[in-house]
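So the sequences go chain by chain: A and B.
Residue numbering for the first sequence follows the working numbering, starting at 2 and increasing by one per position.
Residue numbering for the second sequence follows the working numbering, starting at 2 and increasing by one per position.
Keep in mind that the hints are not guaranteed to be accurate.
In this list, chains with the same sequence are indistinguishable; a pair is considered to hold if it fits within one copy or across any two.
Capping the alpha-carbon separation at 30 angstroms, the derived lysine-lysine pairs in DSSO-like fashion look like this [claimed, not checked]:
#1 Lys87 - Lys72
#2 Lys72 - Lys98
#3 Lys5 - Lys93
No wet-lab data here; the hints were simulated from the structure.
The structure displayed is predicted, hence computed values, not measured ones.
Number of protein chains: 2
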Amino acid sequence: MIAKTPKSPYYAVIFTSIRTDEDAQNYADMASLMAALAAEQPGYLGVESARNDIGITVSYWESLEAIQHWKAQADHLIAQQMGREKWYSAYKTRVCKVERDYGFEQV
Amino acid sequence: MIAKTPKSPYYAVIFTSIRTDEDAQNYADMASLMAALAAEQPGYLGVESARNDIGITVSYWESLEAIQHWKAQADHLIAQQMGREKWYSAYKTRVCKVERDYGFEQV
């Protein structure tokens with residue numbers, strides 16, 4: 002689903018990753034858990050996610066402080082460490098300010 | 002592939018879309034053509050793309066001017082119009098400034 006974000010400006014974290022072939026079930030479980038936990042954080046606005054050859058997850062936030070808080074959340078730190086040790090062969094995280102947006106919906 | 006972007010700041014366009022079921026071959030052909038054409042534009046830095054339930058394409062650019070130039074490119078305008086008429090039931094475009102980034106690569 003396309004995230005229903007407020008009027009810009011707001012913030013986005015673009016997380017692009019390449020999975021290893023390892024540990025699919027634990028990875029899927031942790032991904033679900035982290036999605037649910039992120040949604041409970043202060044300043045969370047929404048998320049969009051897709052994966053083929055690479056995975057792209059974009060989470061949206063009210064402020065840089067909200068992003069920093071989520072990055073440092075205890076369970077999320079564990080997930081990040083398992084990501085580096087097992088699940089990802091590479092990733093890149095980009096912290097962005099959304100300066101403008103526009104969209105289209107078929108009627 | 003994860004895009005090899007330069008040191009921040011630079012710009013990102015997050016394009017999130019939901020496909021109709023129509024016209025799969027023409028859509029795939031146009032998507033390839035637009036990817037090749039985007040890569041030739043001034044200020045282009047790279048692209049990342051994935052699709053399951055939704056599609057996410059993130060393109061990276063040197064400047065807002067480069068983004069504006071690509072948005073107004075003639076063949077791209079035709080693709081955008083066909084997108085609204087046939088290929089997408091909904092989309093959202095978000096223009097962002099990448100303020101910082103960091104990554105990981107398994108060695």
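Here's how the hints hold up against the structure:
1. Lys87 - Lys72: Answer is within; shortest intra-copy Cα gap is 19 angstroms, inter-copy 39 angstroms.
2. Lys72 - Lys98: both (16 angstroms within a copy, 19 angstroms between copies)
3. Lys5 - Lys93: Both: 24 angstroms inside a chain and 10 angstroms across chains, each within 30 angstroms.
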